[in-house]
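Colleague: Now for the letters of each chain:
Number of protein chains: 2
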Amino acid sequence: MAEAVRHEEIEARVNRLQALMSKEGVHAFLVTQHVDLYYMTGSMQAGYAFIPATGAAVFYVRRSLERALQESAVRVQPLTSLRQFRAQLESDHPAVFSGRADGVRIAAELDVLPAATYAKLAEVLAGSANDCALVDGSSLIRRVRMVKSPWEVARIEDAARVVAEALEVSVGIIREGLTELELMARIEYEIRLRGHIGMMRTRSYNMEITTGMLGSGAAAAVPSAFDGPAGGLGLGPAFPQSTSRKAIGREEPILIDIGCCIDGYIIDQTRTAVIGSLPDDLAEAYAQSEAIIRQAEASMRPGTAPESIYADALKQAADAGLADHFMGFGTNQVKFLGHGIGLEVDEWPVLARGFGNPLEPGIVLAVEPKFTFPGRGVVGIENSYLITDAGCRQLTRSPEGLILLP
Amino acid sequence: MAEAVRHEEIEARVNRLQALMSKEGVHAFLVTQHVDLYYMTGSMQAGYAFIPATGAAVFYVRRSLERALQESAVRVQPLTSLRQFRAQLESDHPAVFSGRADGVRIAAELDVLPAATYAKLAEVLAGSANDCALVDGSSLIRRVRMVKSPWEVARIEDAARVVAEALEVSVGIIREGLTELELMARIEYEIRLRGHIGMMRTRSYNMEITTGMLGSGAAAAVPSAFDGPAGGLGLGPAFPQSTSRKAIGREEPILIDIGCCIDGYIIDQTRTAVIGSLPDDLAEAYAQSEAIIRQAEASMRPGTAPESIYADALKQAADAGLADHFMGFGTNQVKFLGHGIGLEVDEWPVLARGFGNPLEPGIVLAVEPKFTFPGRGVVGIENSYLITDAGCRQLTRSPEGLILLP
Numbered sequence: 001m002a003e004a005v006r007h008e009e010i011e012a013r014v015n016r017l018q019a020l021m022s023k024e025g026v027h028a029f030l031v032t033q034h035v036d037l038y039y040m041t042g043s044m045q046a047g048y049a050f051i052p053a054t055g056a057a058v059f060y061v062r063r064s065l066e067r068a069l070q071e072s073a074v075r076v077q078p079l080t081s082l083r084q085f086r087a088q089l090e091s092d093h094p095a096v097f098s099g100r101a102d103g104v105r106i107a108a109e110l111d112v113l114p115a116a117t118y119a120k121l122a123e124v125l126a127g128s129a130n131d132c133a134l135v136d137g138s139s140l141i142r143r144v145r146m147v148k149s150p151w152e153v154a155r156i157e158d159a160a161r162v163v164a165e166a167l168e169v170s171v172g173i174i175r176e177g178l179t180e181l182e183l184m185a186r187i188e189y190e191i192r193l194r195g196h197i198g199m200m201r202t203r204s205y206n207m208e209i210t211t212g213m214l215g216s217g218a219a220a221a222v223p224s225a226f227d228g229p230a231g232g233l234g235l236g237p238a239f240p241q242s243t244s245r246k247a248i249g250r251e252e253p254i255l256i257d258i259g260c261c262i263d264g265y266i267i268d269q270t271r272t273a274v275i276g277s278l279p280d281d282l283a284e285a286y287a288q289s290e291a292i293i294r295q296a297e298a299s300m301r302p303g304t305a306p307e308s309i310y311a312d313a314l315k316q317a318a319d320a321g322l323a324d325h326f327m328g329f330g331t332n333q334v335k336f337l338g339h340g341i342g343l344e345v346d347e348w349p350v351l352a353r354g355f356g357n358p359l360e361p362g363i364v365l366a367v368e369p370k371f372t373f374p375g376r377g378v379v380g381i382e383n384s385y386l387i388t389d390a391g392c393r394q395l396t397r398s399p400e401g402l403i404l405l406p
Numbered sequence: 001m002a003e004a005v006r007h008e009e010i011e012a013r014v015n016r017l018q019a020l021m022s023k024e025g026v027h028a029f030l031v032t033q034h035v036d037l038y039y040m041t042g043s044m045q046a047g048y049a050f051i052p053a054t055g056a057a058v059f060y061v062r063r064s065l066e067r068a069l070q071e072s073a074v075r076v077q078p079l080t081s082l083r084q085f086r087a088q089l090e091s092d093h094p095a096v097f098s099g100r101a102d103g104v105r106i107a108a109e110l111d112v113l114p115a116a117t118y119a120k121l122a123e124v125l126a127g128s129a130n131d132c133a134l135v136d137g138s139s140l141i142r143r144v145r146m147v148k149s150p151w152e153v154a155r156i157e158d159a160a161r162v163v164a165e166a167l168e169v170s171v172g173i174i175r176e177g178l179t180e181l182e183l184m185a186r187i188e189y190e191i192r193l194r195g196h197i198g199m200m201r202t203r204s205y206n207m208e209i210t211t212g213m214l215g216s217g218a219a220a221a222v223p224s225a226f227d228g229p230a231g232g233l234g235l236g237p238a239f240p241q242s243t244s245r246k247a248i249g250r251e252e253p254i255l256i257d258i259g260c261c262i263d264g265y266i267i268d269q270t271r272t273a274v275i276g277s278l279p280d281d282l283a284e285a286y287a288q289s290e291a292i293i294r295q296a297e298a299s300m301r302p303g304t305a306p307e308s309i310y311a312d313a314l315k316q317a318a319d320a321g322l323a324d325h326f327m328g329f330g331t332n333q334v335k336f337l338g339h340g341i342g343l344e345v346d347e348w349p350v351l352a353r354g355f356g357n358p359l360e361p362g363i364v365l366a367v368e369p370k371f372t373f374p375g376r377g378v379v380g381i382e383n384s385y386l387i388t389d390a391g392c393r394q395l396t397r398s399p400e401g402l403i404l405l406p
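As they're listed, the protein sequences go chains Y and B.
Read left to right, the first sequence gives residues 1 to 406 (full-length UniProt numbering).
Read left to right, the second sequence gives residues 1 to 406 (full-length UniProt numbering).
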């Protein structure tokens with residue numbers, strides 16, 4: 001069994017959320033999403049966690065109550081009836097509901113909560129008093145989750161070890177004619193044996209990721225709906241991204257952008273391999289991706305704005321004459337250099353315009369400079385880093401450099 | 001490359017949705033979810049499909065435009081700016097917006113669309129005229145998707161073949177001491193090699209499924225948040241369902257409830273295996289699960305109400321003295337016998353109370369009678385069936401009966 005989240009850990013998370021809630025004039029948070037529930041209680045059972053701006057949180061559980069009682073670091077109560085939920089909350093948290101002339105403001109994660117469920121919950125919470133607004137608290141919870149504890153970083157490092165081992169074992173099978181799908185299947189088998197939960201959780205609507213993006217040559221360079229620097233041909237119109245059935249050839253880049261999820265925490269890493277050698281211009285572009293990640297490493301520290309790291313990378317790519325190829329090609333370019341990772345693969349902050357709040361210790365970032373050459377392939381590198389007090393520390397463990405295969 | 005959806009197929013789907021829209025007084029449907037987009041256009045690129053109650057649908061695509069143009073059976077337009085979207089729609093679909101004294105009713109899938117995105121889209125669609133309501137159309141699209149075409153059934157049959165092959169290859173590795181995770185990893189490897197997209201799509205909020213539920217003995221009988229008859233111990237509090245690291249032992253049931261997704265379509269199948277033999281009472285319960293599925297087969301035909309099939313199964317389980325063990329144990333029982341499958345694993349109808357609309361040809365159902373014995377295990381069977389003009393036809397292909405291993 002995986003190590004359970006410690007009570008002090010959960011208490012610190014709840015306290016940080018409560019501090020943000022008080023600042024934003026939110027009287028309580030109704031946590032609805034399973035990943036947020038796990039983060040805030042230590043348990044992923046079905047129900048709602050109610051966190052008042054001051055006072056103790058309660059996890060109202062539909063099922064399984066037994067498991068929630070074992071797992072949760074906050075008090076567990078059965079959620080017997082949604083119709084009685086408002087009365088139950090008023091009774092358990094009188095300070096939230098009483099004496100508010102301007103009404104009660106309860107936050108939830110409106111970035112993920114379906115509109116129909118939102119409408120139902122808003123009605124339930126308003127009750128007959130009709131004094132309660134259900135407002136968007138997704139930015140609050142994303143800001144809290146953005147900063148990882150040492151306990152969380154240790155989980156991410158476990159995932160980093162698993163991906164490095166899986167990559168090391170799997171590159172050995174690469175030969176001309178092996179299909180992308182055969183290689184991906186092998187990597188997925190290796191990470192699964194080592195405890196990968198079998199999926200990579202994402203937060204964005206319609207965003208899917210299996211274990212990453214593995215593609216070779218022209219197939220890797222095909223654009224897709226996926227909001228990442230490499231799309232990939234995919235398995236057909238019903239899964240039009242990432243790995244395809246294309247056979248891997250000689251002297252074309254093999255992009256191996258893979259992650260895994262161990263004990264709930266995700267790692268993200270990219271390496272580029274080739275059978276034989278890369279054409280000079282692609283080899284040069286790969287070298288540029290390493291140069292850009294070196295520059296990012298030098299600027300990642302508390303106080304740096306994420307958007308400035310992205311701007312620097314754009315300039316570096318342009319200076320190298322690779323502006324059109326950076327992070328996708330032409331109109332299919334994506335507008336970021338990296339992203340937060342943790343329980344989900346698309347966490348905050350993003351290394352992109354609009355992310356001006358300075359980095360702080362505990363943030364974990366996947367940085368993924370890549371260059372796309374339509375009809376030829378994608379080259380690049382991706383490491384994940386922890387922002388420390390003084391700078392950053394790399395969490396991904398696979399050796400860098402092009403992986404040259406005979 | 002997978003076979004593309006034919007144009008006539010898409011046209012028929014759009015026509016069926018339009019018929020329902022007209023009946024329900026909906027003037028247009030804004031399709032937002034990637035799976036629904038694939039169903040309604042043949043393409044899963046990012047954007048929105050706008051389907052007027054009469055007239056031609058248009059797929060407004062953000063990215064990748066190139067791929068949407070190749071894949072989509074409905075007309076593709078670039079979606080340049082959300083701010084200009086209302087004007088673009090008015091210009092392309094004047095009949096939807098003009099001369100409506102009571103306002104324009106546009107439907108979307110509010111069962112999956114996040115509340116924050118809903119609010120933004122409602123504002124965009126209302127425009128300055130503020131004459132437009134964004135209403136819930138999820139039941140319309142779920143009703144259309146519920147009835148499969150022969151083309152879709154052929155895809156589901158492809159998935160059924162893959163699962164049967166993977167199971168046949170994988171049971172050969174089962175021996176005392178093999179962990180559930182090792183067995184699951186092998187099955188997943190086999191289905192992936194054969195084209196599984198790497199995930200099983202679900203529609204319900206917070207509902208996750210890897211490739212199913214594989215569990216042995218006591219671990220399989222642990223309840224979970226998952227809305228299925230067997231929960232499973234899982235890999236820890238961050239993935240508290242399905243497969244665990246427990247070693248498989250002798251004379252305990254091994255529940256192998258697995259699916260896969262080929263060209264977007266899902267199959268769902270369960271078999272029960274054992275090393276040695278099962279204790280008499282568990283063997284008897286397994287036999288009851290086959291008896292219940294035989295009874296369901298006899299009643300599955302156009303005209304039968306799904307809820308009556310569930311009621312019959314409850315009675316049959318009670319008559320066998322197994323009421324407390326049926327579809328989970330005690331307070332952790334789930335309240336259904338089966339569910340629709342297709343592009344998602346949790347489709348309509350459900351064989352459960354409240355589903356009174358009679359079955360019709362083209363519905364595909366996974367029927368999964370199971371019995372849970374806390375501390376001992378779960379036994380059962382699951383087949384998937386197509387409702388035909390005369391009755392039903394089984395789509396799953398693995399031989400029935402307990403899988404007895406030496």
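Because the hints were derived from the structure by calculation, they are not lab data.
Don't take each hint at face value.
Identical copies look the same in the list; a pair holds intra-copy or inter-copy alike.
With a straight-line Cα cutoff of 30 Å, these simulated DSSO-like cross-link-like pairs (lysine-lysine) come out [said to hold, decoys possible]:
hint: 1; residue 1: 246; residue 2: 23
hint: 2; residue 1: 315; residue 2: 335
hint: 3; residue 1: 246; residue 2: 120
hint: 4; residue 1: 315; residue 2: 120
hint: 5; residue 1: 246; residue 2: 315
hint: 6; residue 1: 246; residue 2: 335
hint: 7; residue 1: 120; residue 2: 23
hint: 8; residue 1: 315; residue 2: 23
hint: 9; residue 1: 335; residue 2: 120
Colleague: Hint by hint, say whether it matches the structure.
Modeller: Evaluated hints:
Taking the closest pair of Cα atoms, residue 246 and residue 23 never come within 30 Å of each other, the shortest separation being 53 Å inside a single copy and 46 Å across copies. Only within a single protomer do residue 315 and residue 335 lie at most 30 Å apart by alpha-carbon distance; the minimum there is 13 Å, versus 59 Å between protomers. Taking the shortest alpha-carbon separations for residue 246 and residue 120, neither the intra-copy value of 47 Å nor the inter-copy value of 40 Å comes in at or below 30 Å. In this assembly of identical chains, the alpha carbons of residue 315 and residue 120 never lie at most 30 Å apart, being 49 Å within a copy and 34 Å across copies at closest.
In this homomeric assembly, residue 246 and residue 315 never come within 30 Å of each other (Cα to Cα): the closest approach is 34 Å inside a single copy and 52 Å across copies. Within a single copy, residue 246 and residue 335 get their C-alpha atoms as close as 28 Å, which meets the 30 Å cut-off; across copies the closest is 44 Å, which misses it. Taking the closest pair of Cα atoms, residue 120 and residue 23 come within 30 Å of each other both inside a single copy (27 Å) and across two copies (25 Å). Taking the shortest alpha-carbon separations for residue 315 and residue 23, neither the intra-copy value of 37 Å nor the inter-copy value of 57 Å comes in at or below 30 Å.
When the C-alpha separation of residue 335 and residue 120 is checked against a cutoff of 30 Å, the pair qualifies only between copies, where the shortest distance is 22 Å, while the shortest distance within a copy is 36 Å.
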